[in-house]
Amino acid sequence: MTRWMRHRLFLPVVSLVALILVNAIARPRFVQITVRDGELYGALIDILRNSAPLMLVALGMTVVIATRGIDLSVGAVMAVSGAVALTIIDGSSDPGNVGTVLVAIVVSVLVALVLGAWNGFLVAVLEIQPIIATLVLMLAGRGVALLITDGFITTVTSPPLKYVASGHLLGLPFALFISVAAIALIALMERRTALGVLTEAVGINPEASRLTGVRSRGIILGAYVVSGTFAGVAGVIYSSNIMAADANAAGELIELYAILAVVLGGTSLTGGKFSIAGTVIGVLIIQTLQSTILFLGVSSAESPVFFAFVVILVVLIQSPRVYQVARRMTGGRRHHPAPEVTTGVEVTS
Amino acid sequence: MHTSTGDDQRFVVEMSAITIRFPGVLALDGVDLRLRPGEVHALLGENGAGKSTLIKALTGVYAIDEGTIVVAGEHRVFGSAADAQSAGISTVYQEINLCPNLSVGENVMLGHESRTVRGIDWRATHRAAAEHLASLGVTIDTQSMLGSHSIAVQQLVAISRAMVLDARVLILDEPTSSLDREEVDRLFAVVRGLRDRGVAILFVTHFLDQVYEISDRITVLRNGRLVGEYPAAELSRGDLVTKMIGRVLDDLEAISASAERSVDRSVTPVLRAESIGRRGVLDPADIDVYRGEVVGIAGLLGSGRTELVRLLYGADRADTGTVEINGERTKVTNPRRAIERRIAFSSENRRSEGIIADLTVGENIVLGIQARRGWLRRVRRAERDAVVAEYMSALGVRPADPDRIAGELSGGNQQKVLLARWLATAPELIILDEPTRGIDVGAKADIQAKVAELAEQGLSVIFISSELEEVLRLAQRVVVMRDRRKIGVLESATVDVDGVIDFMATHDMAAQGAAPAGPDGARSEGSVA
Numbered sequence: 001m002t003r004w005m006r007h008r009l010f011l012p013v014v015s016l017v018a019l020i021l022v023n024a025i026a027r028p029r030f031v032q033i034t035v036r037d038g039e040l041y042g043a044l045i046d047i048l049r050n051s052a053p054l055m056l057v058a059l060g061m062t063v064v065i066a067t068r069g070i071d072l073s074v075g076a077v078m079a080v081s082g083a084v085a086l087t088i089i090d091g092s093s094d095p096g097n098v099g100t101v102l103v104a105i106v107v108s109v110l111v112a113l114v115l116g117a118w119n120g121f122l123v124a125v126l127e128i129q130p131i132i133a134t135l136v137l138m139l140a141g142r143g144v145a146l147l148i149t150d151g152f153i154t155t156v157t158s159p160p161l162k163y164v165a166s167g168h169l170l171g172l173p174f175a176l177f178i179s180v181a182a183i184a185l186i187a188l189m190e191r192r193t194a195l196g197v198l199t200e201a202v203g204i205n206p207e208a209s210r211l212t213g214v215r216s217r218g219i220i221l222g223a224y225v226v227s228g229t230f231a232g233v234a235g236v237i238y239s240s241n242i243m244a245a246d247a248n249a250a251g252e253l254i255e256l257y258a259i260l261a262v263v264l265g266g267t268s269l270t271g272g273k274f275s276i277a278g279t280v281i282g283v284l285i286i287q288t289l290q291s292t293i294l295f296l297g298v299s300s301a302e303s304p305v306f307f308a309f310v311v312i313l314v315v316l317i318q319s320p321r322v323y324q325v326a327r328r329m330t331g332g333r334r335h336h337p338a339p340e341v342t343t344g345v346e347v348t349s
Numbered sequence: 001m002h003t004s005t006g007d008d009q010r011f012v013v014e015m016s017a018i019t020i021r022f023p024g025v026l027a028l029d030g031v032d033l034r035l036r037p038g039e040v041h042a043l044l045g046e047n048g049a050g051k052s053t054l055i056k057a058l059t060g061v062y063a064i065d066e067g068t069i070v071v072a073g074e075h076r077v078f079g080s081a082a083d084a085q086s087a088g089i090s091t092v093y094q095e096i097n098l099c100p101n102l103s104v105g106e107n108v109m110l111g112h113e114s115r116t117v118r119g120i121d122w123r124a125t126h127r128a129a130a131e132h133l134a135s136l137g138v139t140i141d142t143q144s145m146l147g148s149h150s151i152a153v154q155q156l157v158a159i160s161r162a163m164v165l166d167a168r169v170l171i172l173d174e175p176t177s178s179l180d181r182e183e184v185d186r187l188f189a190v191v192r193g194l195r196d197r198g199v200a201i202l203f204v205t206h207f208l209d210q211v212y213e214i215s216d217r218i219t220v221l222r223n224g225r226l227v228g229e230y231p232a233a234e235l236s237r238g239d240l241v242t243k244m245i246g247r248v249l250d251d252l253e254a255i256s257a258s259a260e261r262s263v264d265r266s267v268t269p270v271l272r273a274e275s276i277g278r279r280g281v282l283d284p285a286d287i288d289v290y291r292g293e294v295v296g297i298a299g300l301l302g303s304g305r306t307e308l309v310r311l312l313y314g315a316d317r318a319d320t321g322t323v324e325i326n327g328e329r330t331k332v333t334n335p336r337r338a339i340e341r342r343i344a345f346s347s348e349n350r351r352s353e354g355i356i357a358d359l360t361v362g363e364n365i366v367l368g369i370q371a372r373r374g375w376l377r378r379v380r381r382a383e384r385d386a387v388v389a390e391y392m393s394a395l396g397v398r399p400a401d402p403d404r405i406a407g408e409l410s411g412g413n414q415q416k417v418l419l420a421r422w423l424a425t426a427p428e429l430i431i432l433d434e435p436t437r438g439i440d441v442g443a444k445a446d447i448q449a450k451v452a453e454l455a456e457q458g459l460s461v462i463f464i465s466s467e468l469e470e471v472l473r474l475a476q477r478v479v480v481m482r483d484r485r486k487i488g489v490l491e492s493a494t495v496d497v498d499g500v501i502d503f504m505a506t507h508d509m510a511a512q513g514a515a516p517a518g519p520d521g522a523r524s525e526g527s528v529a
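Order-wise, the sequence lines are chains A and B. Numbering (this note's numbering) for the first sequence: 1 to 349. Numbering (this note's numbering) for the second sequence: 1 to 529.
Just so you know, not all the hints are guaranteed correct.
[Claimed, not checked] Chain A stretches covered by chain B per the calculated footprint, using a threshold of three residues with CB under 8 Å from any CB of chain B:
(1) 199 to 205
(2) 213 to 225
[Claimed, not checked] Non-contacting residues of chain B with respect to chain A, defined by C-beta distances greater than 12 Å in every case (computed):
(3) TYR93
(4) LEU102
(5) GLY147
(6) ARG197
(7) VAL227
(8) ARG261
(9) VAL281
(10) TYR313
(11) ALA315
(12) THR322
(13) ASN334
(14) GLU340
(15) ASP358
(16) ILE369
(17) ALA371
(18) GLU469
These are calculated hints, taken from the structure and not from any lab test. Built from N, CA and C at the ideal position, the CB exists for glycine as well.
The following block holds chain A by itself, in its conformation from the complex (with noise of 0.2 Å):
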């Protein structure tokens, strides 16, 4: 009957649901869905498409930890994507051309590749400590992005670039398939091909994997490169929410959050076992609260005071240490069987 209970997933799930019960019963408004013109609209729609961002560099982030590692350039690396496909978009003659705005997207997104490959040389091949490696980056790519732009923040009037963050496809905001998209393609990789497995093996213990034959270097390279294309895809849709290419506010701290959502869906920070729903589910939480705080006006002074109270409860929630004190002092008193206090031991039949 508990089997569920002791899902991994079962906590952070829990948590998201409680976060929209919550708004729900605070705004019964905030669970409403209305068809305006075949489009859905709506705060949970909202919420699905607002968090394509931080869904991307996420999921690109999920991989990098399972490495061991971190990629504290993915913000730098999105404002160096928009600052790319801005300029281009900028400098053409035909602003509104739909093949104009593929071939920006595109070379952005590659320069985003070769950002993230990098990272990787700097990691997988030069051995330096991720966390500095991609400290580089994250400094530096800022810079890049203002002289890519000359300083200035490029705006644009291009309706197909405003389609990737604001269009509608099938009644459904398009940013939405952009992340579905993204979570299939790093589940079919990560799942269907042995590469989950073998990120994992390098992630737990990197010298026997390399005994075992494992290229690993490949392996964290390509965690990186991922991380990075996924960083500027998140970029363009960034840069197609406000039309401009801002070297500064584009994916600010975004790293943090992705870094919050990756352990709030039960990934450790240690590298090793990862869980791509998890890390889903932990963009949602974040997102829901951030429009929460909208939602229910708090003001720009406390948002943040209170966004950190809500992540420390969800934390808190989900801490097994917290668990087991909760068990024992309501357990001892009701006489629960002991077992589940003192588990770390599974036994199977």
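Given chain A, put chain B in place with the hints provided.
Same frame as chain A, now just chain B:
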């Protein structure tokens, strides 16, 4: 409490009828353990017999469900290891639980630094540390970083620390498994000194020789139950093994016949390495292995035996020498190359270089095949299950559950999982570095039997072990190493354990120029060890 023995000696620790239940398992079932001051007491049993659980019950890591613990005449229930420590019970683990990045002196005195009004007096602290170490016969620079010393020295530091805490009971959990002979002697000298000072020492080990060398009394556990407590002098080795595993071991006798099997050496060897070496690591050495042959490597820890096989496998790069595999010249510059040539290597460091602790047993076993195929061609579920089931049953992995997390298995079973991982890749040559270290008698016999069986079927094996009996039982030829060089090759049919030891000893004279030189390498007299 009431003791039914006629012994007048007071017990410093008396654990009676200790029972500990884990969910679904009775980990300890009414076990007694009594320690007298000034004795070395060996606690023996196979992996999973309950040795560690009993120690953890004594030191407050696990809460006991039933039974009593009396320490120095008082009923005690320890809430934590720190509690136990302040009651005079200190533990030195196999994996040293000190701070490698602090100095030796800081580690010894941690929490007991000499203080003056102006704070910690570091000079006095280091002086005190040096005195404590000296009283155990250890003279090292107390300012040096702990991590820069060998495991053996770190253990002695850990024991010194226990003495600073005024331990009356010292628990040594597998202290000798990564020490060489000289280091063991040094450790035992310290242990005897402590015993003579009235400290009760509880010694857990898998080395039966060492049990008889140092212990006064032996407590044997099996499957969470007490088998009995015996004076070491009155329990023969054969009886001890029988009590530990509950059945008589004649499997090992059968294996020794395998070493006498003749191997065809007129053909091209599976592996032939000539003057393979690496500066500062290994003097150039030759080695060849034929099809179906087990070549043993005998040598002490640090003799270059691990270094040699790591060069053969490409785990480290050789800077001299050539390698031929099935007659074909190749360069093995990394493990992948070796694996492509169907060479497998199981490291002596099971935990850090072998098992992927958080993955399941099944994932661990299939990892070797998967790594060979690359990430794109995933081993399918059905194929995986078949391979895993085949090798788990062939090697007798317990528990027989492929979805169990590998890190939860006992050492012996982890070793079987690693062996399964490599055998599943169908190697032509498998290099086993200390495959039986730190595992129980039953698993040891299983692994040796498997190696003998596979060799008979045509697999070539390089087998390294600190236990010469094991090497001689399995191998047709034994490569003897010392001081980072190969000193010769012996036909195992013509020598016994003493013969091998003699050979190592005569080499000492050879190095001094008295005796004829060994086959090779021995000429390089005066090279740095």
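Requested in this report: Quick one: work out the minimum CB distance from THR322/B to chain A and report holds if it exceeds 12 Å, violated otherwise.
Outcome: holds (23 Å)
Query raised in the report: Beyond 12 Å from chain A, beta-carbon-wise, is TYR93/B?
Result: For TYR93/B, whose nearest Cβ neighbour in chain A is about 18 Å away, the distance exceeds 12 Å, so it holds.
Query - Non-interface claim for ASN334/B versus chain A (Cβ beyond 12 Å) - result: violated (8 Å)
Query - ARG261/B remote from chain A - nearest C-beta pair above 12 Å - result: Non-interface label on ARG261/B holds, nearest chain A Cβ at 30 Å vs cutoff 12 Å.
Report task. Determine whether the non-interface label on ASP358/B survives the test: each CB of chain A must be over 12 Å from its CB. Result -> violated (5 Å)
Requested in this report: Say whether it holds or is violated: VAL281/B keeps its Cβ farther than 12 Å from all Cβ of chain A.
Outcome: Holds, since 17 Å exceeds 12 Å.
**Report entry** GLU340/B non-interfacial with respect to chain A [C-beta, more than 12 Å]
**Finding:** Non-interface label on GLU340/B violated, nearest chain A Cβ at 8 Å vs cutoff 12 Å.
Query raised in the report: Would the least Cβ to Cβ distance between ALA315/B and chain A come out above 12 Å?
Result: violated (6 Å)
Requested in this report: Would you assess whether VAL227/B, listed as outside the interface, keeps its beta-carbon beyond 12 Å of every beta-carbon in chain A?
Outcome: At about 23 Å from chain A, VAL227/B clears the 12 Å cut-off, so the statement holds.
Query raised in the report: How does the coverage statement for the region 199 to 205 of chain A fare against chain B, requiring three or more residues with Cβ below 8 Å from a Cβ of that chain?
Result: holds (count 4)
**Report entry** Distal placement of ILE369/B relative to chain A, Cβ over 12 Å
**Finding:** Violated: least Cβ distance 10 Å, not greater than 12 Å.
Query raised in the report: Taking the minimum C-beta separation from ARG197/B to chain A, is that value above 12 Å?
Result: holds (37 Å)
Of the numbered hints given earlier, the model fails hints 10, 11, 13, 14, 15, 16, 17; all others are met.
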